[in-house]
Every structure is written in C-alpha cells, then in structure tokens.
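Student: Just need the whole structure built from these sequences, with the hints factored in.
Heads up: the protein sequence lines correspond to chains H and A, in order.
The working numbering puts the first residue of the first sequence at 1, with every later residue one more than the last.
The working numbering puts the first residue of the second sequence at 253, with every later residue one more than the last.
Wrong hints could be hidden among the right ones.
Okay, derived cross-link-like pairs now, SDA-like style, lysine to any residue, Cα gap no bigger than 20 angstroms in a straight line [as the list claims (entries may be wrong)]:
| hint | chain 1 | residue 1 | chain 2 | residue 2 |
| --- | --- | --- | --- | --- |
| 1 | A | Lys368 | H | Phe15 |
| 2 | H | Lys14 | A | Glu319 |
| 3 | A | Lys278 | H | Thr74 |
| 4 | A | Lys368 | H | Thr74 |
| 5 | A | Lys368 | H | Ser75 |
| 6 | A | Lys278 | H | Tyr158 |
| 7 | A | Lys368 | H | Glu71 |
| 8 | H | Lys14 | A | Ala356 |
| 9 | A | Lys278 | H | Arg241 |
| 10 | H | Lys14 | A | Val355 |
| 11 | H | Lys14 | A | Leu361 |
Here's a subset of chain H near chain A, in silico, CB distances under 10 angstroms, partners left out [as the list claims (entries may be wrong)]:
| hint | residue |
| --- | --- |
| 12 | Trp2 |
| 13 | Leu7 |
| 14 | Arg8 |
| 15 | Trp10 |
| 16 | Phe15 |
| 17 | Glu72 |
| 18 | Glu79 |
| 19 | Tyr82 |
| 20 | Leu83 |
| 21 | Gly138 |
| 22 | Ala243 |
Output of the computed footprint for chain H on chain A, the stretches with three or more beta carbons under 8 angstroms from beta carbons of chain H [unchecked claim]:
| hint | segment |
| --- | --- |
| 23 | 293-305 |
| 24 | 319-325 |
Just so you know, these hints were derived from the structure itself, not from any lab.
All C-beta atoms in this analysis are idealised placements derived from N, C-alpha and C, irrespective of residue type, glycine included.
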Amino acid sequence: MWRAEWLRFWAELKFYRQMWIGNLINQVLITAGFFWVVSLLSQATLSGLLALFFWQYVSIPLSKISTDIWEESTSGAFEQMYLHAAQPALVLVVRLLNYLVQQTVVALPLFLGMALLFGFSLTDLLSYNWGGMLLTLGVSLAGFVGLGLAMGGILLIYRNAIGYANALEYLLLFLSGAVVPLGQLPAFIQPLAWGLPLSLGIETIRRLENGGQWELTLMALVVQSVFMLVLGLALFNRCLRRALRRGFAMSR
Amino acid sequence: MSLRLYGGEIVGLLGLNGAGKTTFIKLLAGLLEPDEGQIKLLGRPLHPATVRSAVALLKEGQPSFSEFMSPRQCLLYYGHLLGIKNLEARVAQALELTDLLPVAERPLLELSFGTKRRTGLALAYLKEARLLLLDEASAGLDVKSVATLRSALRRYAAQGNAVLLTGHEMGFMEAVCDRVVLLHQGQVKADGRLHELGKKYALKQFVEVWYEGQPTVGETLEQEGGLVRLKLDLRELGLLDSQRVRQVRLHQSILEHLLQEVDRVEGRMA
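Tutor: See the structure below:
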C-alpha cells in the first residue's frame, strides 16, 4: 500500500507541479499577510507565527481527505480504489502521510525563513519548547484525521458537502485562536471557539511560549483528538456502508 | 432475477433507461448491496476479497482512474494495492496486450476516452479478472476505438473469462455479444443467443426506403414531394419496383426490434 501511494503521490506532484507552486505562493502570502496584520494589532510573538503554520498544517487531513474523496468519487476512481483495497480508510491515511511528508519539507524552511524575516532571533527559536510543540502537533493531527474521515464519509453520500469542508477550514482560522488569541475574541464567541477542534492545540502552543499551564490543555486535546479519531472512523465506515446501499456520491 | 454467466462468453445486458442494467453491474462489482437474493462468484457467495481478485469494472462515462496518472502508473498503483508479484513484467505484458505501450507514459488526461477504456481492460488483464464488467461499453467511442475494443473484448473472452457489458449502440452489441439478456424493470425478460431470440420472438429485419410513387407494401412513415418514406420487412424489398427505389437503409437492428417488442409486450410503449 505504501508503494502504491508513494507512486501515486509522485505522479500527482509531477502532473500538478504548477498548481503546487501556486499554492506555495498562496501559503506564503496568507501566512505573511496575516502575521503582519496581527503584528500591527498586537505584539508579534513566535507562537503567533507558529499558530498560522499550525492552522495550515493541521487542517491538511481535513482538506486533503475531503478533496481526494470528492474528486475520486466524481471520476469513479474511488470506486476503483474500493474494488482493489481491503481498507479504503487506511489507503486514505497512508496517502495523507505521504502528503504530510512533502508539506513538512516545505513548511520547515518556510517557517525558519519567515521567523528570521519577522525579526525573531535564533535564540528565540532555540528557547521555544519544540518537544511540547511536536507532541501537540501529533495529537492535533490525529484528531484532524478523524475530522477528515468524517467529512470524507459525508462526501461519499452528499457530493456538494465539499463547500462545508472549505468553510470549516476558514472558521477554524478565525475562531480557533490562529489569528486572534482565544482570550481576545468577543465574549459571546468564546464558548464556541473553545470547543472547536483546533483551539486547544493553538492555545497549547501559545502557552508553551508564555509559560502557561500547557500540560492541562494538552491533556484536554488528547481526549478531544481520541474522541474525534474514533468518531471520524466510525462515521466514515457508516457512510461507506450507506453508500454501498444507495450508490457512491449519489445525493446532492 | 436469475442469471448465470459462463467463462469464455460475452454477454450483453440490454434494456431501456431505468431497466436496472447499471444497478445490476454495481451489484456484481460489490458496489451496491442487494436488498435480497444472492450473488455467487466462482461458485461462492460474493465476498469483497473475491471481487478484488476476480472482478474488473469500467463504469459509464467515467475515466475510473485518477487522470494525472499514466496507464503504466495506474496499473502499477492497483498492482501494488493487490500485492501482485512480478509486477513490472506483468504490467508490461498487460500494456502490450491492449496496445497501450505507445501511450503508456502519458497522463490519462491527455488521452482519448477509448484509451482510458483500454487502460481498464489492461487492469483486467493484469489482475487476471475472471469477470469483466463494462457499463455503456461503447459510449463516447469513435469508430476506430469501437473496433479496437471489440477485438480486445473477443481476445479477453477467448482466454476463458466472462464479459458482461451494457450499451445502447445495438450495432456494437450485436457484433460483440455471444448472448444477450434483456432486462425490463429489474426482471430478465429474454435471455439467449441472438439467433435463438430472433426465432423465439419472430423478429424481422426492417429497412427504410425512399420510394417514388405509391408503394404496394410497407408502412408509410412520411411523404415529401412525390417521395414516400416506407418501413418494410427486408423480405418485402423485392416486391417494390426497383426503378422507383431512391434510397435504402437499415431501419433498426434486430436488437432494437427485440427491445421494442419486449417493451411493447410489457405494455410500456403502449
């Protein structure tokens, strides 16, 4: 399965290389633009820059799994994959991991370059708790794999639901603390904001910098991510069973 | 409905829109679960593992593959998923059998629909599928692609594999199918070899004739100037004055007639 997905990954990268370069430019512009605005409004912090990268990186399972399922159920490639793979969910996760490797290779130098460009010193970078950050990233990604599978499952039935996947990504950008810290959001939004799947992760990486109780938010994040992963897998399998009764992507 | 498919034969599944052809194909491929009844493949109840190893499917109007991949990459991808041994050599062989070697490295997006269909056929060769399912087999194909597909399907069936296909182009279906099955509202209404069904339903081959003057036989379809467009049994053609016949063409294939006959009997056309 790894070899199959690795082959597919390179074929996709080669074919869509222009689009990939365009997306990279978008990524740089969005991150730099938002961080510049945030810097003007409040103090520029390393965790603030990290939060924007965190949003982009952790949202990948949601966007990648959704887009793949949407495109493949339209072209018939998903049914073909279903015919040839014992565990479609596992194939999607392996494909995602390949994609994350590529994104990591891109994101690391990009983050380093932008951090230096925005005036953070190597001492600032080295003094950050990277171990805690990686743990937070891993746990958040696991939860988002669940969210991606849940959305992917829904797309196996309702093909037009792809719009909601995109909307959810931007909801997370603005209400999960990636741009504005949760504590600075309007009071009536805060209860909703704290319950969003990305919020605990971003709050943890902010606390890793400012010395807050990050272990507490990380523990809550673990519980939330396990819940999302289990629920997402269950929902994907349930939707797959339903699609097998009514046909793939047959409803609007 | 009850239907048996045998290795080595090409079976055409016919019916009007909504007859249940695509649903039946999906059921055989395990992409839909039956509400009731049982499907057996190679003598055993249909199981995902058996489908994976023994069934190849090409669906209606869809490339069925990620189009950024080339035919070779598609075959390698599915070959790796299935864990096929000696994969490189077998992919090369499948590409050769389906005349895909000249375009094997080009992305599917740049290739014709017929070539995408042949990539599906190559996949069937690669996994040595005992049952090949093609929904709307010849739809969207040009004359050359249809001829290529026809001979490729013949070769495939000749290796002892069963091919089940649906289609609305009756000329193609007549030319390629050993046996036809007629579906109407999810039920098998006719099943047999073409000549057997022709005898059973007393089917006639009709021609359309543009005739100058008043004909003595046939059914008048329209009149234009001094010409009459007639539909008549092929055997009645000799009864017309050949000097007055301006144009003759096949009115419908025997399968079209069969479809209409069954549909008429079932009361739908009335």
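Student: Which hint numbers doesn't this structure obey?
Tutor: 21
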